[in-house]
Amino acid sequence: MSAILRSRLVGALASPHGVDRYLERFNPMWAAHEVRARIVSIHRETDGDAPVATLTLQPTSTWRGHQAGQHVLVGVEIPGVAKRYTRAFSISSAASGKGERFTLTIRAHDEGQVSSYLVREAAPGQIIHLSQAQGEFTLVESPATPTISRLLFITGGSGITPAMSMIRTLLRDGYQRDGVAHAGRKVTFLHFARSAEDQIFADELAEIAAADNGIDVHLRYGDQVFSEFELRRLVADYRDTDTWLCGPPGLVELVKAAYDDSTRLRMEFFKPAVARAARPGEEIEGDIAFTRSGKTVAASGASILEQAEQAGLTPEFGCRMGICFSCTRTKTVGTVRNILTGEESAVPDEEVRICVTAAAGDCHIDL
Amino acid sequence: MTDTIVETTNEKYHGLTHAEIDSLGAELDALRLRTIADLGEPDAEYLRKVVKAQRSFEIAGRALFYLPPAWPLAVASLSVSKILDNMEIGHNVMHGQYDWMGDPAFNSRQFDWDTMAPAENWKYGHNYMHHTYTNIVGKDRDVGYGILRMDEDQKWRPIYLGNPLYAFLLMTFFEWGVAVHDLEAEEVLAGRRPLFRGENAPIWRRLRKKMGKQILKDYVLFPLLTGPFFLSTLAGNFTANIIRNIWTFNIIFCGHFPAGVATFTEEETENETRGQWYLRQMLGSANITGSKLMHVMSGNLSHQIEHHLFPDIPARRYPEMAVEVQEICERYGLPYNTGSLPRQLFSVFKKIVRLAFPGGKTPAAPVRGPQAVIDDSLAA
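Chains as they are written, first to last, in numbering that gives the first Met the number 0: chain A, 0 to 366; chain B, 0 to 379.
Same shape as in the complex, but just chain A:
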């Protein structure tokens, strides 16, 4: 059936809108190309100021599956706003196959509209939009990683999710060599959480720690911050150990320093630090980074189009007054201000008309 729906004939008949625009008319879970998912269940992991929940998702048959450690872009229409927001979340369940269920484990951040909505308000049955799984932060050779003899995971806060996906995959798939379970290879799992109450997957981690599976679990809370000294005590040759690091910027900086330039360290983090926007009337402080060309200029308050041209770039433009959308580009991160409305926005991966948009702080433009 899906082969027919994906055929050139059906594509030609559905032109120019595409097959999915017709299928969704009947059932949101029917798709030929796009990926969507129905929320099957929502399980609250932790409570408190920043609660965490695990969402089990049933994707459409178009879902190609994921490798442990990958993330997915989730598009959510938040009621009352009518805008679709798209955010990246790591997958927390073991590697999935085509059309198979998987889970996202999400912490509700105060400033995060999407994470807050999914944890606090979303309900089973609801449909969300997805990308295919993406990202290189994976177990290089899954499921049995024959050439890697030692693994080290260092995670902080909700950065535990991709590592959890990897551990679950290893345990599910046997993590064995020549028929011998874990074959003497050791896995060290070092995690930092704000407090014991904020610990995600506490019970499962306790079980993993107690079982005979070659996995050492070390949990650290509160002011027990990462130190090189402690790491050396746990894994003496850590610089020569394949390591996956995922956590807040502070943790990432400390670990990076400890690893020097070791190529064994792989890392991932989602929330890039962005400077606060200037208040109206306040001097604008920040840089516009044109990511494609590699040029950077200090934000002057002029339109991004003008600033790009002053920097020697030649972006496409039309009316130069915000009506024709010829100059639309993607602002990947940072804060911008609409010159016409004065409205400020710090939404990542947002399309802006650069002729009527000025930087209101540091920002990255795909140009």
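Derived by calculation from the structure, the hints in this document are not laboratory data.
Only a predicted model underlies this, so the values are computations on that prediction, with no experimental measurement involved.
Hints may be right or wrong, so weigh each one.
[To be verified] Listed below are several chain A residues computed to face chain B (Cβ distance under 7 angstroms; list not exhaustive):
1) ARG7
2) THR55
3) TYR116
4) PHE324
[To be verified] List time: in silico DSS-like cross-link candidates among lysine-lysine, alpha-carbon distance up to 30 angstroms:
5) LYS82(A) - LYS48(B)
6) LYS291(B) - LYS82(A)
7) LYS255(A) - LYS294(A)
8) LYS255(A) - LYS185(A)
9) LYS51(B) - LYS138(B)
10) LYS11(B) - LYS208(B)
11) LYS138(B) - LYS291(B)
12) LYS11(B) - LYS154(B)
13) LYS138(B) - LYS82(A)
Ideal placement from N, C-alpha and C gives every residue a C-beta, glycine not left out.
Position chain B relative to chain A; hints supplied.
The following block gives chain B in isolation, referenced to the frame of chain A:
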């Protein structure tokens, strides 16, 4: 366009002082901001509803071709689908009116519509050229679409004796006309632009691809799928396209060509202020009165004045904005060109015939004074 007015004389511009034009601009900007701030769920819901209706009409139309006695119904259903797809959905989505929703299905950069004109070509010629240089003779290529004489400032040539015939052909095959519009045939004829190479090369590439797809589905695949009814389905698809063409042509021509609509010269629009730009959009457009259904089926281009003032605001907002725009016009003594469909059509028709012949003086600039409606008798 600059922010500062270089006031060399005390002359008025279209009956208003520069200070009046500035405050007009500020009032329209304020209306724009108020509407943008209010956009939300009802707008998104409305669009989804229209899209759902359009898809339903399309599916019903395609299915009814299997039932030969229902042929007129099939054609009607498909025509409605195509009109909605072009007007209330395609035209408006490609203006970026719904980009704020963040839904790729309604994003101006990704949307394509069910007509011969490829989205990318059309957005350049329409969103940029036509909406920036509205009614500037010599710059706005929608004035006469490169074939018609629609303004007395276009020099008369004997070839324009065919004006009514050209208009009839353009109406019937409007989607083809809009598609080849981007090749700038008159520039090619004048020897200023190569027909196939240079700027036209990428336009041709997109044109071939899009036309191929449109012809394939409407005139080959869907007819083949109905088997023995091949010819009747083919004729039905053709008829639906023609009906859509005639309707869109008429709505669009009523938007800029009824009597009393002003045109502008390149000189007078140099260094235009925002207020002057607004004024030009208002004086260069005309509305059509009618029922709610008429407004939906015209993609709210029956509110062409509001559309030209605020091209990137969802069109369903134009009726409510029109109340305020009309009030502003009255206060500034500006004409607000509106009339019923038959009345505006007759006015356009008269202009097409009149301008086939030399001369053809229509009042160049609207007269200052409270007049909500320009009277037909002023023309010709």
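* Asked: Which of the listed hints are broken here?
  -> 1, 2, 3, 9, 10, 11 and 13
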